[in-house]
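Protein sequence lines correspond, in order, to chains A and B. When you read off a place in the first sequence, starting at 1, and then add 88, the result is the number in the working numbering. When you read off a place in the second sequence, starting at 1, and then add 14, the result is the number in the working numbering.
Hints may contain errors.
[Claimed, not checked] Simulated crosslink set (EDC-like; lysine to aspartate or glutamate; CA at most 20 Å straight-line):
no., chain 1, residue 1, chain 2, residue 2
1, A, 776, B, 20
2, B, 17, A, 620
3, A, 670, A, 125
Simulated from the structure, these hints should not be mistaken for laboratory data.
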Amino acid sequence: QQKKITGTVTSKADGTPLPAVTVTVKGSSLGTQTDGDGKFSISVPENATLSFSYIGFKAKEVSVGASQTINVSLDADERLLNEVVVTALGIQRDAKALGYSAPQLKGEELTKSREANVINSLAGKVAGVRVSSQSGTLGGSSKIIIRGESGLGGSSQPLFVIDGMPIDNGAQQISTVAGAVPQGSAGADFGNRVGDINPEDIETMTVLKGAAATALYGARAKSGAIVISTKKGVKGNASVTFNSSVRMDDILKMPEFQNEYAQGVQGTYNIASTNGWGPKISDVQDKTFPNFLAQDVHLKAYDNNIKDFFQTGKTYINSLAFSGGNETGDYRFSYANISQTGIIPNQKYSKNNITLNAGKTIGKDFNIRTILNYANSGGDGRPVQSSNNPNVIMPLIYGVPRTVDMELLRNNSINPETGQQITLTPARNGNNPFWVIDNNNFSNDLNRFYGNAILSYKILNWLTVANNLGLDYYNEFRQGNTRNGTIGALTGNFFTANIFNRSFNNDFIATADTKITNDLSLKVIGGANVFENYYQRNQSDAQTLTVDQLYNFSNAATVTTTNTSNKWRMVGLYGDIGLSYKDYLFLNVTGRNDWSSTLPAENRSYFYPSVSSSFVFTELMPSNKWLNYGKLRASWANVGSGTDPYQLAFVYGPQSTAFAQYGYGSQFPFNGLLAFSIPSVIPNFNLKPQNQITTEIGADLRFLNNRVKLDVTYYNSKTDDQIIALTLPQSTGFTSKKMNAGSVTNKGFEVALGLVPVKTNRFDWNFDLNFSQNKQTTQLPSEVTAYTLQSGWSGLIVKTRSNESFGIFGSAWERDPNGNIVIDPATGLRKTKLDQRLGSINPDWMLGINNSINFKSFNLSFLIDVRQGGVVYSNTASSLRTSGLAKETLANRGNIFIDKGVVLQGTEYVPNTVPVQSMQDFWGQFSTTNTEANIFDASYVKLREVKFSYKIPSSILGKSAKFMKELEIGVEGRNLWIISDHVPHVDPEVNFFGPGSAADGIEFNSAPSTRSFGFNLRVKI
Amino acid sequence: CEKFLDINKNPNAAENVDPKLLFSYASTSYINLRSSGDLYIPMALGGQSITTGGNNPTGWGIPSEEQYQFSTFSYGNTWRAYYTSVGANLKQAISLAESATPKNNNAAAQCKVLLALVVYEATTVYGDVPFTEAWNTGISYPKFDAQQTVLNGSIALIDEALAQFDDASALKISDYDMFFKGDLAKWKRLAKSVKLRTLMTMVDKDPTKATQIGQMVTEGGLVSSAADNFKVGYQAVTGKKNPKFAINEQYNGGRNFFFGSKYVVDFMRNLSDPRLPKFFTKPVEATDYFGIEPGADGDDKHDVRISNTLQAADAPEVIFTYQEELFYEAEIYTRGLGVGADLTKASTLYKKAVEESCKFNGVDGTTASTFANGLPNLSTVPAPMALINMHHWVDKMDRGLDAFTQWRRSGPEGQEIPNLSLPIGAPAGKLFRRYEYPTTNEISSNPNAPKELVKYNEKMWFDL
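Throw the hints in and build the complete structure from the sequences for me.
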């Protein structure tokens, strides 16, 4: 018995009728579609069940029963990316209209397991995005690279834009010790400025990966852009959201130590050595030896002494937000606080954020919105890394001999009678690590305000003008104290630095939106941009303090003050013409002209265009269950960029100090005289803009009722005419010269695959996988054999050559033509060859695997992050091995050991038969003088995030449900487990040089990374 | 709009400076290199004129430069100083002085003399080095010149300077001249003596230099009194102290890290040299001055350390002295280099040299003169040159590189004065002879640099 059913299908969100909804009778081949008004009519058997499905909405089933009219409203399916994406300049566009890949992450995705620095939350979540932390320092910095490093002249960090305002993401590395020591690149890690933002405020984060996506931002976004929209109040009842997380942190990877040998030299005990090359402890139980307290003791190994040094770090994250709105206005006010203590005692970090986002519509057409953010962040006890500073902490900790009881050391860092340090050894390297962490504090405190005001006015139905005026301003104060009595700085010193940065940005945008015909729409955007950045730093170094622990300039015998500042401006005009045909064929053409103050007047103006297109081909296909949605996209774009300020003229810099090794050079005025110096870089009066051309094609496909989603992209990006500082041999009198030369090409694939293997009412499992592979190639002018990106230590250099990617170079084992290591027959030790390529700093590919399982109100999600390929250099591994403290140095001690290799006899290589004189000599070869000895495969598999949460259903909340809209409790963890890696003793994921450098893959006395585990509570009322 | 963008002028640097401001930076960087951990310590330890004290807890520690573990930082920083902070600033100062209107000839000449010293040192440290194509913004990859070319180039720079000094002109570097405060007569005498030293370094390998040497001593006009000593004083003020002092102050509680070398101390003890208490601090328990073998453990109750008076906070860095000039002249008359051999004259000169050395080091005039005149006449000793060379080396004990170069030129391999052995703990093989080239600063970025590693124990051209 057939009966006729009629009805209307509408969207639940706004009640509008939905056309072309597929209506089928379950279990049969019967079916129809809704018409333009959302109406349908179908004949069905008795007791049939109707199934309604439509792209972008959740499918719904309805039993026919007795009724003849069935009106259905469909829920929007947020999992489908048929959504609005915030693109360049905050322009909201339909995802289907985009001709380039622009993945958008929701705020919840970024706060799944919370991170102080929001950049870290991106790790493993977006194909083509690589995140690396500089150190395990609290409030430390992280670097983000999209589709490979594209610049030879410096790091390729993306532009960060919040609500249309580009914000500063500096990671200033300044000298961290007074005196004339040119520091390694880092010293203490003071973080990067994007770490100041509050992740809880983020509504969406769009990753604009390629030039087509960022073309409207111009030069500043040549390495991509991260576009953040902050949360706004929503229409309806006011709500209050409270979130609280507590987490415990401990060291992610502990070195493996030997526990059999004491400190000394070639088997003989020596109190002056911080190593493990002394006697075998069990062999000398009949004797006593002086310890660091000058007590004669029997030697004993303290197996866990290094572990005992560390403590459990704690993190408290609390945030509170009030929001609400009505027909004409909305507001959201939030406060967030993070307080952390570190695994290294006395390390603290805290951050406070206050945000107000409020909007109001006046009349019908005038809209005003202001977003105001205040952030205060700062830390104490930031570990000093790198070298040339007595406070470099990790070698002091890891260098403590096996026979030293950490508790004894902790309780005896200061002589209560004299107030002097009790040193670990009497020698010049014997600082007690507790003395350093208890007394020599490196700290910072930062106050930042950023915000903007957006005015928009709808002049005509099709024409809107808007102005977005923003300011980003911060002042950071840094201080580093070294107490009198610290070995290496016995007379004490301190430095302070005041860093001031201000950027100002204004965009004026006019948008015209019109339908040319019923099927053809046109949108034209024209805009003008003015940007200015001003930076200033005043730094004072005070030497030789009189009153103990009084860090006042008047307490110092001498104070050297230096100051620097720079300012640059950019003016841009841009336009975007967008055409859409029948909502399935889209074309966008953009153009921008920039004028930059940093380039010579004749080269300062540069224009670059982009074209992008997308085609939703499934719109032309008959509806089918197999392929629900298919889009092809293609784009081509060109971007230019300028350089840093003041790179053009040959100028003489006033000098504050003249260098002398060990840090005690001369300050000017010296003998009453001042001094100036030529620059170290030869400037170039004729610099022109760099030029980047990117092409990208991709497809976005959804299958089987959207249970399978596949997004693939291929891109090719080439940056030419790079503005570089070409390293010169110093015999020229200079270290480098500025020039336009060289190119870097990055090509690669990105695949994002989403699966819903199980989906029922109570249980669903979402599986997302993102894969990326990038191949980087450099081309250099023929006369340039290699380009240095970053110099390190002892011949370790990150550089690149034509047809190669960026790589680590340094001294290597000499090898015969068959690859055997060549041994010196005089010593039995390996021979060394200088300046060899030791591997790429880039991964071959990366993979993020994200699982989210919902069962009733429970959610379990975890993220596995995989990196394959590339190399990493570890100085910590080197120190642990050369000092005989690492477990592997136990092998062959006391035995005759013949290293596997060959010796040259006449012209023949024959197997080596010469034993090494001692294992101390053998492992001595693993010092920094042989880079290859400390190079490892950088691949890893990590369990990055785990979250298990329970949303308490309203049925359980009972009466409370009336005022409590949401209550969720959860357990969360970050960096829980290195499932697999190839680097001994340290986390392979380290980037000592930080976000400011194009170099990567170097670990140099870095503060160790942590694993973190804790609880979370979320309440919404 | 144009005006809005015309802001690319650095407010923190000068577009024009007086050459004297570059000269003061070059001078300070130069003395700091010579007196600090990149050049002084490695050269003095490698050259065995001082010792570490082995495993003595407050000694420098081993293994160190004494065991030939030279830091690549020392290789690189020394190179960087010679070529950039010192050399390149002098080169630019010369160019500024010569392009000024009116031309500042004296400033250019002063800079050239200092540059000649830098070139001389750079080649004695590293061997073949870039010179003819160095410091030229038009040449990115300078070739390496043979040491002979470099040394001749250093001489040519001095000849240029001597021709350029202009007593009639008031233009010169005077207040910013830390050496001679613009006394041109002293500059000229120094220039000639430095040239003579360079010829003396070359003459064993290139005997044709003897003629020129003879001419120079006959003509005179060389450094002729202690007032001509070429040195710069440090200040007993934090941040301006002699690095030799500062390192002990900052790392060792003021105690000197270094011990006397037996090669120096034994020689002086046998002569009851009045400089002993000036050079060394004797432990109260010790009966006399005892040095130790390089690499051996220093005994705090027996062995002497380098004196903190010699390495005082305000001790000067000494680059050329009157006694040094006298030692060369004594050598010239002993060997008959371009002049007739005259042992009597040579005896007078070497005794005068020792006397000046004593006075320079704070021995009173009477004691100095008595001691010097009590030394044997050269005609009475079997090997007069060995005696001169030994005294010459002892005088330079605290001038790391200068003592090392004096030792290297004192005789063919194996016959140098003193006859050094391999330090305890040093790798088997030959003695230290030079710095290796720095990879980061030069080799890896210069396609014209030597490809093969030249080891620290390989001799260079002048070193027979």
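Cross-check of the supplied hints:
A distance of roughly 16 Å separates the Cα atoms of residue 776(A) and residue 20(B); the hinted pair therefore holds under the 20 Å criterion. Proposed proximity of residue 17(B) and residue 620(A) is supported: the alpha carbons are some 14 Å apart, at most 20 Å. Among the hinted pairs, residue 670(A) with residue 125(A) is consistent with the structure: their alpha-carbon atoms are about 17 Å apart, no more than 20 Å.
The structure meets every hint from the earlier list without exception.
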